[in-house]
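Could you build all of it, start to finish, from the sequences and the hints given here?
Protein chains in written order, with our numbering: chain A, 1 to 513; chain B, 1 to 513.
Please keep in mind that the hints were generated in silico from the structure rather than gathered at the bench.
Covered stretches of chain B (in silico footprint by chain A; criterion: 3 or more residues with CB under 8 angstroms from a CB of chain A, positions within the stretch not fixed): (1) 63 to 72; (2) 87 to 94; (3) 113 to 125; (4) 152 to 161.
Below are the DSSO-like pairs computed for lysine-lysine, each with C-alpha atoms no more than 30 angstroms apart in a straight line: (5) B:K237 with B:K511; (6) A:K148 with B:K351; (7) A:K148 with B:K314; (8) A:K91 with B:K116; (9) A:K105 with A:K116; (10) A:K351 with B:K61; (11) B:K351 with B:K314; (12) B:K355 with A:K148.
The C-beta atom is built at its ideal place from N, Cα and C for all residues, glycine as well.
Chain by chain, the residues run as shown.
2 protein chains.
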Amino acid sequence: MAQIRHALNARRADDFAAWYQEVISAAEMAEESGVRGCMVIRPWGYGIWERMQRLLDDRIKATGHDNAYFPIFIPLSNFEREAEHVEGFAKEMAVVTHHRLIAGKDGGLIPDPEAKLEEPLVVRPTSETIIGDAMSRWIQSWRDLPLKLNQWANVVRWEMRTRMFLRTSEFLWQEGHTAHADEAEAREHTLTMLEVYRAFAEEDLSLPVIAGEKPENERFPGAVETWSIEAMMQDGKALQAGTSHYLGTNFAHASGIKYQNREGGESLCHTTSWGVSTRMIGGVIMTHGDDDGLRLPPRIAPQQIVILPMLRDKPEDQALIDYCEVLRADLAAQHTLGERVRVLLDTRPGKAAAKRWDWVRKGAPIIIEVGGRDMENGVVSLLRRDRLWDEETGKPDFQTPTRETAAQNIPGILAEMQSAIFSEAEDRREANITRGVTDFAEVETFFSGTKYPGWVEVQWSKPTGAELEEVIERLKAHKLTMRNVPIGAAAVDGACIFTGKPATERVLLAKAY
Amino acid sequence: MAQIRHALNARRADDFAAWYQEVISAAEMAEESGVRGCMVIRPWGYGIWERMQRLLDDRIKATGHDNAYFPIFIPLSNFEREAEHVEGFAKEMAVVTHHRLIAGKDGGLIPDPEAKLEEPLVVRPTSETIIGDAMSRWIQSWRDLPLKLNQWANVVRWEMRTRMFLRTSEFLWQEGHTAHADEAEAREHTLTMLEVYRAFAEEDLSLPVIAGEKPENERFPGAVETWSIEAMMQDGKALQAGTSHYLGTNFAHASGIKYQNREGGESLCHTTSWGVSTRMIGGVIMTHGDDDGLRLPPRIAPQQIVILPMLRDKPEDQALIDYCEVLRADLAAQHTLGERVRVLLDTRPGKAAAKRWDWVRKGAPIIIEVGGRDMENGVVSLLRRDRLWDEETGKPDFQTPTRETAAQNIPGILAEMQSAIFSEAEDRREANITRGVTDFAEVETFFSGTKYPGWVEVQWSKPTGAELEEVIERLKAHKLTMRNVPIGAAAVDGACIFTGKPATERVLLAKAY
Numbered sequence: 001m002a003q004i005r006h007a008l009n010a011r012r013a014d015d016f017a018a019w020y021q022e023v024i025s026a027a028e029m030a031e032e033s034g035v036r037g038c039m040v041i042r043p044w045g046y047g048i049w050e051r052m053q054r055l056l057d058d059r060i061k062a063t064g065h066d067n068a069y070f071p072i073f074i075p076l077s078n079f080e081r082e083a084e085h086v087e088g089f090a091k092e093m094a095v096v097t098h099h100r101l102i103a104g105k106d107g108g109l110i111p112d113p114e115a116k117l118e119e120p121l122v123v124r125p126t127s128e129t130i131i132g133d134a135m136s137r138w139i140q141s142w143r144d145l146p147l148k149l150n151q152w153a154n155v156v157r158w159e160m161r162t163r164m165f166l167r168t169s170e171f172l173w174q175e176g177h178t179a180h181a182d183e184a185e186a187r188e189h190t191l192t193m194l195e196v197y198r199a200f201a202e203e204d205l206s207l208p209v210i211a212g213e214k215p216e217n218e219r220f221p222g223a224v225e226t227w228s229i230e231a232m233m234q235d236g237k238a239l240q241a242g243t244s245h246y247l248g249t250n251f252a253h254a255s256g257i258k259y260q261n262r263e264g265g266e267s268l269c270h271t272t273s274w275g276v277s278t279r280m281i282g283g284v285i286m287t288h289g290d291d292d293g294l295r296l297p298p299r300i301a302p303q304q305i306v307i308l309p310m311l312r313d314k315p316e317d318q319a320l321i322d323y324c325e326v327l328r329a330d331l332a333a334q335h336t337l338g339e340r341v342r343v344l345l346d347t348r349p350g351k352a353a354a355k356r357w358d359w360v361r362k363g364a365p366i367i368i369e370v371g372g373r374d375m376e377n378g379v380v381s382l383l384r385r386d387r388l389w390d391e392e393t394g395k396p397d398f399q400t401p402t403r404e405t406a407a408q409n410i411p412g413i414l415a416e417m418q419s420a421i422f423s424e425a426e427d428r429r430e431a432n433i434t435r436g437v438t439d440f441a442e443v444e445t446f447f448s449g450t451k452y453p454g455w456v457e458v459q460w461s462k463p464t465g466a467e468l469e470e471v472i473e474r475l476k477a478h479k480l481t482m483r484n485v486p487i488g489a490a491a492v493d494g495a496c497i498f499t500g501k502p503a504t505e506r507v508l509l510a511k512a513y
Numbered sequence: 001m002a003q004i005r006h007a008l009n010a011r012r013a014d015d016f017a018a019w020y021q022e023v024i025s026a027a028e029m030a031e032e033s034g035v036r037g038c039m040v041i042r043p044w045g046y047g048i049w050e051r052m053q054r055l056l057d058d059r060i061k062a063t064g065h066d067n068a069y070f071p072i073f074i075p076l077s078n079f080e081r082e083a084e085h086v087e088g089f090a091k092e093m094a095v096v097t098h099h100r101l102i103a104g105k106d107g108g109l110i111p112d113p114e115a116k117l118e119e120p121l122v123v124r125p126t127s128e129t130i131i132g133d134a135m136s137r138w139i140q141s142w143r144d145l146p147l148k149l150n151q152w153a154n155v156v157r158w159e160m161r162t163r164m165f166l167r168t169s170e171f172l173w174q175e176g177h178t179a180h181a182d183e184a185e186a187r188e189h190t191l192t193m194l195e196v197y198r199a200f201a202e203e204d205l206s207l208p209v210i211a212g213e214k215p216e217n218e219r220f221p222g223a224v225e226t227w228s229i230e231a232m233m234q235d236g237k238a239l240q241a242g243t244s245h246y247l248g249t250n251f252a253h254a255s256g257i258k259y260q261n262r263e264g265g266e267s268l269c270h271t272t273s274w275g276v277s278t279r280m281i282g283g284v285i286m287t288h289g290d291d292d293g294l295r296l297p298p299r300i301a302p303q304q305i306v307i308l309p310m311l312r313d314k315p316e317d318q319a320l321i322d323y324c325e326v327l328r329a330d331l332a333a334q335h336t337l338g339e340r341v342r343v344l345l346d347t348r349p350g351k352a353a354a355k356r357w358d359w360v361r362k363g364a365p366i367i368i369e370v371g372g373r374d375m376e377n378g379v380v381s382l383l384r385r386d387r388l389w390d391e392e393t394g395k396p397d398f399q400t401p402t403r404e405t406a407a408q409n410i411p412g413i414l415a416e417m418q419s420a421i422f423s424e425a426e427d428r429r430e431a432n433i434t435r436g437v438t439d440f441a442e443v444e445t446f447f448s449g450t451k452y453p454g455w456v457e458v459q460w461s462k463p464t465g466a467e468l469e470e471v472i473e474r475l476k477a478h479k480l481t482m483r484n485v486p487i488g489a490a491a492v493d494g495a496c497i498f499t500g501k502p503a504t505e506r507v508l509l510a511k512a513y
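Following this line, the structure appears as structure tokens:
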């Protein structure tokens, strides 16, 4: 087997964090903005987010939600109403205190002391309290229920240690908020949206996830129950990729979300909230990327196919472009994975080989190069991003179908890649979940021994209070957290690994982002 | 002619401002949020914005722009770089000064004095300076040009007097930003985007607009030229519905947006910016609304057709729903105006007649009611929002085509309504522009005499400096402003109405929002 010269400098196996940063930079997805903790999402990264938005928005609307928009500013008094909620967010909040600038003594601008707000405004870290206000106005009777809203917005949490996509002070997300007449319906809706997230992650992003309930210490501030989908990154760490919360009547009580019930009495609503953010893009990178850069599942690739004529700044170029345009138009008229094929004919200046590697790093699923000889032979040179290298020769594994065959087969290849990339990730995850560990010492050995340890599933008795605190401390000593209690896990059949009491459920342990 | 009982309390002719507020409230488009100057955009209003976003985004992408996302926070020092720019916005800026809250003496939360930012951050009122920063990193050579970006975002301008959609402290918009190698290309692009806005306004929103250049006193802070599209509201006032700016090298100089030119030297880029906001929704209301509420051009109607079975909470209801479902499915499978027909079968609880008026007020283009007798006769009762009343009887002007005829004809009716509603607005505007006024006293009489005066087109000599100041003061005395110098206006042929000097161009005068 020949040596392969990969398209990135960093290797996943050597330095996963450096590799992650290099993918983001080499694929031109995002960069530091110079504003503390905030990133710039560049066109290729934002194009991926637009694809994700479109697909998830369709799923959210299909489950009966309407989009709406609420103010970015939340008055302090409003935010304070739910005690656990404010406690959970107060430490990381951007606070607006003035509404005008004036020249200071040194000539530079300063906040105008005359324009100080009577009540400071916080930049929303999440919108339960402000949307709760609106719900309390909109809901009068049981006929107004359920009320199912969603918002696409930017939110701000002043994170001390940031990492692009995974943890930034400002990020983009959708936040769903619903109000229901009773507990059973609200709890069911919490799980309906968790299932929407699972399907979105697995079917659209090819991201295998485990859906389950978070232990009580990992709940959203103010929630009664928090559920999550957890994905395994290639370094074995877990990424919480989406959460769905049953909020009980906590926020309804705080905001006065009441309704006249069928019997004519007054009841509090039961509410839910759930969100998915640009963090998920980090999950796509760390699940599908390789030492050549990003690999995109076709459904979320802004361009699924890039055609690169090997232009030489000569009059013959036009014939080559025309030859490529026939293929482009033929592909663009077809459908795959339920949508129009997205194909780009890239005729920008620059060497085709250099541009090829740019598109490899960006993760375009299929790259097609066309040179003069290809044109003479009526073929194209086709490279699949998921089978980049000929391991024998160490060279890119080009196939050379006829132009017509390429046009005919590519939609099917894209559909196949969408599921193949999922299976690859799922197989890796399953190979890296260890089940049946019954002794905590084994867990400790497991996580201290290997660099990419994966996850361990253990049985526990779901302790609370001081007993739970002790569990958390023991895990923290190894930088471990409980991810979730998977839905549909095998029945318990032994003792709690922490307390020795009879186990009541299974829980996943992992290092996490 | 019979008396018509309109669906709103306020009448346009009596109190246009009250009517505007009532449309917004009755159509459930938006409401005050309780946060100073910020509105909540309710699902129907946001659905209209989503339609506008989709249509304008397609046009922006078709002209070669990529979407990206930049931080909401701009460091003060960054913002200060362009003097006119900061001067223009400093008075209306939300300023973030702290990043944490702690409990104050009275137990309530206060900004933590220990968490004061070293440099305050302003919440973006527009993004020239922060995007300029990114451009300076991304552009090295002439090969990187033009760079054509767009951002969909929220922005904040601390307005003292707010009005829903038209002027709110936070609003949603798109802001395009481009960098070019030379002045000619940048100037041309400024006009290309103005034309995109014109086509969007006229073809998608049925909003007739006049495109032209703003006089110097109305320029965007930091711009060399500002162009606008201006629409006439039903009260005769003007609404600036979109602007496109040629920024020269001002922002390139401030942010260091330079490139290596073809000769190997270093040149400053010429930049443009252009934006359209949720304000345009206010323009749609004030152009197309009537005394029964909103009227929506089909292209931006979240639902184009609403089918209302007259349910009576009885077992027969199901047959009626089934009958309606056939029509719904038939319509949903068809296309009009280049897209899938959007049709809703509304089976929510409530009386059909009450729901009819809700949809009338919301401006759904076509409402179809189906009762038991309609079903027996194989017909439906169809109401066009643009021909609501039978003026003879004073009753809603229902047509009763067969169900099959309705399914067949509705896509065509929608297309016809899209242009009919445009023509109606255009005819009204043309009837209310007065041309050929040569004496300023006539202008004064004109605007003091009538309640809904429309616009006046005059000739002027484009004065500057103190002479311009005087013109502005004379206009201000009558609450008038210069809207723009229309592209393609007739040649000048006389004296300036202000200075008596030979006129150089024509300019529109109007009261404005």
